[in-house]
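**Student:** Line by line, the protein sequences are chains Y and B. Going by the working numbering, the residue at position 40 of the first sequence is 40; the numbering climbs one at a time, nothing skipped. Going by the working numbering, the residue at position 347 of the second sequence is 347; the numbering climbs one at a time, nothing skipped.
These aren't lab readings, by the way, just hints derived from the structure by calculation. The beta carbon of each residue, even a glycine, is placed where N, CA and C say it ideally should be. Hints should not be assumed to be uniformly reliable.
[To be verified] Quick list of the computed label-pair ranges, beta carbon to beta carbon:
(1) K158/Y / P76/B: 51 to 57 Å
(2) E180/B / D78/Y: 55 to 61 Å
(3) T190/B / T141/Y: 54 to 60 Å
(4) D174/B / D116/Y: 56 to 62 Å
(5) D202/B / K158/Y: 56 to 62 Å
(6) D78/Y / V177/B: 31 to 37 Å
[Unchecked claim] Stretch-level coverage of chain B by chain Y, calculated; a stretch enters the list once three of its residues show a Cβ under 8 Å from a Cβ in chain Y:
(7) 179-189
(8) 301-307
(9) 483-493
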Amino acid sequence: MSLNVISFLVENKPGVLFNISNTIRRKNFNIHSITAIAGEEGDTSRITITSKGDPRETDKLVEQLDKMVDIISVKRLDPLRTVMRDMALVKLHTADPMAQEEALFVINKYKGLILDIKPDTVIAQVTGSATEVSDFQAEVTHIGIVEAARTGITAIEKGWITLKEK
Amino acid sequence: MTRTTGSKAYLKTLENEGVTHMFGITGAALIPICDDLLNSDIRYIPGVHEQGSAHMADGYARAANKPGIVQVTSGPGATNIVTPIATAQLDSAPLIAFTGQVPMSMVGTDAFQEVDIIGVTASITKWNHQVRDVSKIPWAVKAGMHVANTGRKGAVVIDLPKNVTTEEAEFDYDVKVELEGYNPIITPKTYELDTAVKILVDAKRPVIIAGGGVISSGSGKELTALAELLMAPTATTLMGKGAIPSNHPMSLGLCGMHGRHEANYMVPDADVLLVVGARFSDRTTATLSGFAPNAKIIHIEIDRSEVDKNISSLTQVVGDAKHALAGIIKRLKVEIIRKNGWHKKIAEYRKYCEPYDYGPGINSPAVMRAIREALPGDAFVTTDVGQHQMFAALHYDVQEPGTFLSSGGLGTMGFGVPSAIGAKAAAPDKKVLTICGDGGFHMTENNLTVAVDEDLPIVVVLMNNKVLGMVAQWQRLFMDGRLSTVDRNYSVDYTELSKSYGAHAVKIESMDHLNTELRRAVDADYTTVIEVPIDPNENVYPHIPPGMGLKDILTED
Chain Y
1 MSLNVISFLV
11 ENKPGVLFNI
21 SNTIRRKNFN
31 IHSITAIAGE
41 EGDTSRITIT
51 SKGDPRETDK
61 LVEQLDKMVD
71 IISVKRLDPL
81 RTVMRDMALV
91 KLHTADPMAQ
101 EEALFVINKY
111 KGLILDIKPD
121 TVIAQVTGSA
131 TEVSDFQAEV
141 THIGIVEAAR
151 TGITAIEKGW
161 ITLKEK
Chain B
1 MTRTTGSKAY
11 LKTLENEGVT
21 HMFGITGAAL
31 IPICDDLLNS
41 DIRYIPGVHE
51 QGSAHMADGY
61 ARAANKPGIV
71 QVTSGPGATN
81 IVTPIATAQL
91 DSAPLIAFTG
101 QVPMSMVGTD
111 AFQEVDIIGV
121 TASITKWNHQ
131 VRDVSKIPWA
141 VKAGMHVANT
151 GRKGAVVIDL
161 PKNVTTEEAE
171 FDYDVKVELE
181 GYNPIITPKT
191 YELDTAVKIL
201 VDAKRPVIIA
211 GGGVISSGSG
221 KELTALAELL
231 MAPTATTLMG
241 KGAIPSNHPM
251 SLGLCGMHGR
261 HEANYMVPDA
271 DVLLVVGARF
281 SDRTTATLSG
291 FAPNAKIIHI
301 EIDRSEVDKN
311 ISSLTQVVGD
321 AKHALAGIIK
331 RLKVEIIRKN
341 GWHKKIAEYR
351 KYCEPYDYGP
361 GINSPAVMRA
371 IREALPGDAF
381 VTTDVGQHQM
391 FAALHYDVQE
401 PGTFLSSGGL
411 GTMGFGVPSA
421 IGAKAAAPDK
431 KVLTICGDGG
441 FHMTENNLTV
451 AVDEDLPIVV
461 VLMNNKVLGM
471 VAQWQRLFMD
481 GRLSTVDRNY
491 SVDYTELSKS
501 YGAHAVKIES
511 MDHLNTELRR
521 AVDADYTTVI
531 EVPIDPNENV
541 YPHIPPGMGL
551 KDILTED
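The following block holds chain Y by itself, in its conformation from the complex:
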């Protein structure tokens, strides 16, 4: 079971995301993460979904998704030819000065940003591969995570390949 990254270019209209998630559900896959944003011109949206599963079975799912009229382009991205980034906002409990010092050290180690400091909390932004972000979260767990929010993976292919050109 590997984590597969599927990227979509779709018509920006109501119901498209529903249709995508409905098909993924029907084919017995589970969405691990999803990021979506309307494009610059407003008539298309770009969606990145990750899902755990056999890559071959995922390719069959992609064929089913590709059939949908409102999906302009969809493909499973080759991890070796793709740049992927994940981001987490993590609020840490840092009332203890020792905890705060350690928090700042770990955030710095992961090249994170400090977005907010209150007397007893710190909000960090950490960006990187999904593994790096997970590692960061694991490393600060014992300090005390009050709350965390993660974007999930967004991805783009290396070189001249684009989603439109398959």
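Since the structure of chain Y is already known, use the hints to place chain B on it.
**Tutor:** Just chain B now, kept in the frame of chain Y:
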């Protein structure tokens, strides 16, 4: 350009697209459209239940090989056609359902007769769309027709909120339909054809399986020509029945769960299996491991997502079957094909084909043969779902592709009578007969009203065994004979019931009686129901038990 209401724009666009018939039932959300129908050239055929109307549109679509239109109101009207939509989608029939909807201002408020039909039909349509802007109506109608009737055909739902039909906009019929994400592959790639031909030329034991794609692409002629060129025995799926004439020397008949011996024995023995416009359904393959384990499979398929879905093929030709077959034939004509008499095995296996003796007197195979004798070659036959359907698939010989209409993928009981009425509307000059069991007939027999009162005469052959026969057969064979929930020994008299709809109806007493009545019914210009008593214990053979392979055929109790 003229300013006009959404309702008028909708009907005008349909007319311009060549729509001549529309099936449906009216309702509050459709009142503006129904008012404009008074001034439309489209023939509106009112139904008695939306399910029947939508099956009619489906039957019309399959018989005419062009989109069938059903129009129903919001809420219950729309949910009543969910089954026919799924039926059409599974069998790749171009059905377009226009559903009324509450005004946009009330959408999402649980208004009276509001149902989110776009959400409901999302996974059973090829495409669905709610029109939210009156100026987009011509685009939506044209896009719906385009999507339903191109590529792998299918069901489309267009939802029309009431305010969109009453508001006005400039009517622009010439609006371009550009769907960036919809580009069906019609012409196959040259290298795919070359590869397929290379494999076919070296085949020693070639077998062809033809599916519904051959029927819907109208490539029966090309298929038959290829079978002759390769001397390849040719089986069909249920949807492909009629792709090659049943009496053709290369015809193997139906393969699969209720397939004929010669088909089910030759498919697993093939060294090259050419599958044309079929999707390897479980009813065709039986258990996957026993399906042509040693064959090099070439899959001709218009829907790329069907390739390698259930069965992995060695090579594929993605595109319209007509183009693909023509391309292969063109290339094969310059190649030398070694003919080794493999096809002679057909005759060898054929002698196994009817080992089960259905005895003298009235029995289902005999009824099917009597129907074939009574009908002209170009007549349409629709079936319902169950034992009679399999008897028809096995024993009713189809002479022209596309004249045998059946609910294959979804197996929708109740399909028979309304689909026949739709086929009659599509082909008023042709004879249309439907073969039903008592179970399916009783689900939609109320549509006889439409056949009689809309002057769409059909012949119904009602195979009445007073039992839900297919399930009873499974219970007899696999549940130690314990019958449960299948008894249909009802008080209703179907002959008298049919008469009350205004049909001519008769109960059959002997095969001679049946032959006489069939001939009279075929000559008549009114609707006839012929009720044939069938032994409730009759089983349809051959039968492959679930989970078994193609050669594991049951031929007796």
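**Student:** Does each hint hold? Answer for all of them.
**Tutor:** We went through each hint and held it up to the structure:
Hint check: K158/Y to P76/B, Cβ distance near 54 Å, so the stated range 51 to 57 Å holds. Range check, E180/B to D78/Y: about 24 Å between beta-carbon atoms, so the 55 to 61 Å window is missed. Evaluation of the 54 to 60 Å hint for T190/B and T141/Y yields a pass: the beta carbon distance comes to about 59 Å. Range check, D174/B to D116/Y: Cβ separation about 57 Å, and the 56 to 62 Å hint holds.
For D202/B and K158/Y, the Cβ-Cβ distance of about 42 Å falls outside the hinted range of 56 to 62 Å, so the restraint is violated. Separated by about 34 Å at the C-beta atoms, D78/Y and V177/B satisfy the suggested range of 31 to 37 Å. A stretch counts as covered by a chain when three or more of its residues have a beta carbon under 8 Å from one of that chain; for the segment 179-189 of chain B and chain Y the count is 4, and the coverage holds. Coverage of the segment 301-307 of chain B by chain Y holds [criterion: at least 3 residues with CB-CB distance below 8 Å; count 4].
Here the segment 483-493 of chain B counts 0 residues with a CB under 8 Å from a CB of chain Y, which misses the bar of 3, and the coverage is violated.
When held up to the earlier numbered hints, the structure conflicts with 2, 5 and 9 and fits the remainder.
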